[in-house]
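Enquirer: This is what each chain is made of:
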Amino acid sequence: MINANGIRVLEIDLNKQKIKAHNRKDLLAYLGGVGVATKLLDEYIMPEKDALDGDQPIVFAIGPMETIFPVVTKVVAMFRSPLTGELGESYAGLRLGLAMRFTGYDAIVVKGKATKPTYLVITADGVEFKNAEPLWGLTVEETGRILRRRETGSGLRSCIRIGRAGEKLISFAGVNVDTYRHFGRLGLGAVFGSKNLKAMVVKGEEGLAITDKKEYQRVYKEIYQRVVETEVMDKYHGLGTAVNVLPLNAMNGLPTKNLQAGSFAGAEEISGEAFAKHSLVRKLACSGCPIGCIHIAQVRRQFGDHYEYYTTPISYDHELVFALGSFLGIDNRDQLLELIEKTELYGLDSISTGVLLGWLTEAFEKQLVREEMIGCRPAFGNASVYREIIDRLVAMDSDFYRDLARGTWYAAAKYGGCDFAMCLGGHEMAGYHTGHAFIFGQAVGARHSHLDNAGYSIDQKLQGWDPEQVVDKIINEEIERNILNSLVICLFARNVYDRRTVVSALRAIGLDWNEESLGELGKKVFRLKRDLKEKLGYRLENICFPQRYFETKSFTGFVEEEKIKQLMDIYKSRYYTV
Amino acid sequence: MAEAKILKAPGMAKCIGCYSCMLACARVIHNDYSPRRSAIQIRSTGGLQSSFLAVICRGCLKPACAEACPAEALVERPGGGVIFKKDLCTGCRKCVAACSVEAIFFDEDEKKPIVCIQCGTCTRYCPHQVITMEVRND
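So the protein lines, in turn, are chains A and B. So that you can map any letter, position 85 of the first sequence is 84 in numbering that gives the first Met the number 0, and since no number is skipped, the others follow by simple counting. So that you can map any letter, position 106 of the second sequence is 105 in numbering that gives the first Met the number 0, and since no number is skipped, the others follow by simple counting.
Where hints are given, some of them may not hold.
Stated by the list, open to error - One-sided and incomplete, this derived list gives chain B residues near chain A with beta-carbon spacing under 7 Å:
#1 I15
#2 D31
#3 S49
#4 F51
#5 P77
The set of hints was computed from the structure by calculation and includes no laboratory data. Cβ coordinates follow ideal geometry from the N, Cα and C atoms, glycine included.
Using the sequences plus the hints, can you model the full thing?
Expert: Dropping the structure here:
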């Protein structure tokens, strides 16, 4: 039976090359996923030590429904973020969830620092510590190819790895998962780098017997049919998330040229529709998801005379189109794909990279930073100069670039321009200028992500100004998402997995939860994250809002500083009573 | 009587790698959550940048696996493929070695092969009709 002996935690000590497996009955009360991961992070974290101290832990977790119900495909990673210094929490899909599930481990804690570059091979039988010296310095792509050749187990394994950005401890380096997905945000790649950890290959080759076949089949089938036969997930398998580009653009909601505008003249060219028509070559799915939202475009490039070409497949999504497209004034699809490719190969978070480049361009225009510091002249719309800057950023061969490598907010605090450094809570903004709820939501969210509480969606649905309602919705959505994330259900399926469905799915695999106990769990995780963040130095009153948010008209009109203040005041009175 | 159908994978270029087929086989036929216990296995052949291959029983008319089985646990199925008589199987693995497309998997816990019974359950969970059941026509 699932979780019969509790939550199974694999603890890996990179320094001693030792492992321990624990069966934790006490963790059952946290269900799985972000609930379990937050609790484990709280146990292992060292608040007095820097995020990139080798002693800090990385926690990966899945929930009891992982892979065995449709679209329950993600893994959560938690760590201390080198970008914000606070809570690091990031999600990724593809094969990792399946692979973890069938190793039999519900959570993996990686601690300590390897004495030399290392990669891990994790199976049900244990962990191998392997030499990654020859892989150090290689791109995410080439590392993946080598590991796939070197390690057995195609199909039921996952390969996660960092590129040079992570090795060089760039604060917004991500971890690539199976080529097309990522633990993108908040710098997990740098945490890998700080541990001399290049990659992890996870092989899920164990069986897991079904206990109540009849009920499980019934619930599975019902959910599967809702996923494939109803319209709840249409947008994700159609144009994908890039479907957002044109509607946002039409209503001033698409951050453009460092949010100097909310709409972009070149939006048509980089829209989901244009990508689908001209560049889309295939779609892929995470294991256990019949939707297939991963959109792959092909970029074709000539590298020599006599018709010498090569092509590269690149996955694209709304956030990348925004961050490396409209936000930088790039209106050419191939140039945009080449920028995505650049961030991919180095293993950088594309959102943070784009927002940093946006700030840098404007800081250069305003003469806060000079050409001799940057080494070139950044300009909106000039993709080749942005590619050059990304190369210099990763090379990190000057104090200036070492400062940029610490993220937009750090750079702006040092060189000026905080009013147009488009961060919230120290984290680069997501691709929505929809109004008050987005800005406020990303600022107060546990990890300062638009996905903490989906303020952008609240903006688009709210009628009239009702600050109490906005704050309620932001808090309630975060609590609801804590439940989904404790099961690590893909949030694209949030409308399929209402609490009632979650309860019946859990019961079909022998776990007794009800709608109330799930609600309590969501709140408990909210409080746990809040208290953990405070231990790491977070203070709600330190949040500030760059002026640019108030200067550029949004999807719902101008955002007013006074109204944001109102939301913050209401939030302060409720934050501690959840 | 209509002729028996066998599993085919004519549309692999359309496969998105969702593994719904593998999960269905494991869930419905092998009473297991894990796609490891599935008689259909989807594999990439060069990472996710290449298209997928369905490692499936090709429904041979003269199945080498049945020929290799010393215990008569695998017998020819009319229309192609084999019928697996689990009780007779001794777990010798000769069938696994005999299959030249490596479509018979071995369950190390049960010490029995995982053999496709040509039931078509997997095809009912494929969102893109990549795999189908067809009468053998060659």
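Enquirer: State for each hint whether it applies.
Expert: Against the structure, the hints come out as follows:
Of the supplied interface hints, the one on I15/B holds, with its beta-carbon coming within about 4 Å of a beta-carbon of chain A, less than 7 Å. Residue-level restraint check for D31/B holds (minimum Cβ-Cβ distance to chain A is 5 Å; threshold 7 Å). At a threshold of 7 Å, the smallest CB-CB gap from S49/B to chain A is about 10 Å, leaving the interface hint violated. Because the closest C-beta pair between F51/B and chain A is about 9 Å apart, greater than 7 Å, the hint is violated.
For P77/B, the interface hint is violated, the least distance from its beta-carbon to any beta-carbon of chain A being 29 Å, above 7 Å.
Going through the hint list in order, the structure does not satisfy hints 3, 4, 5.
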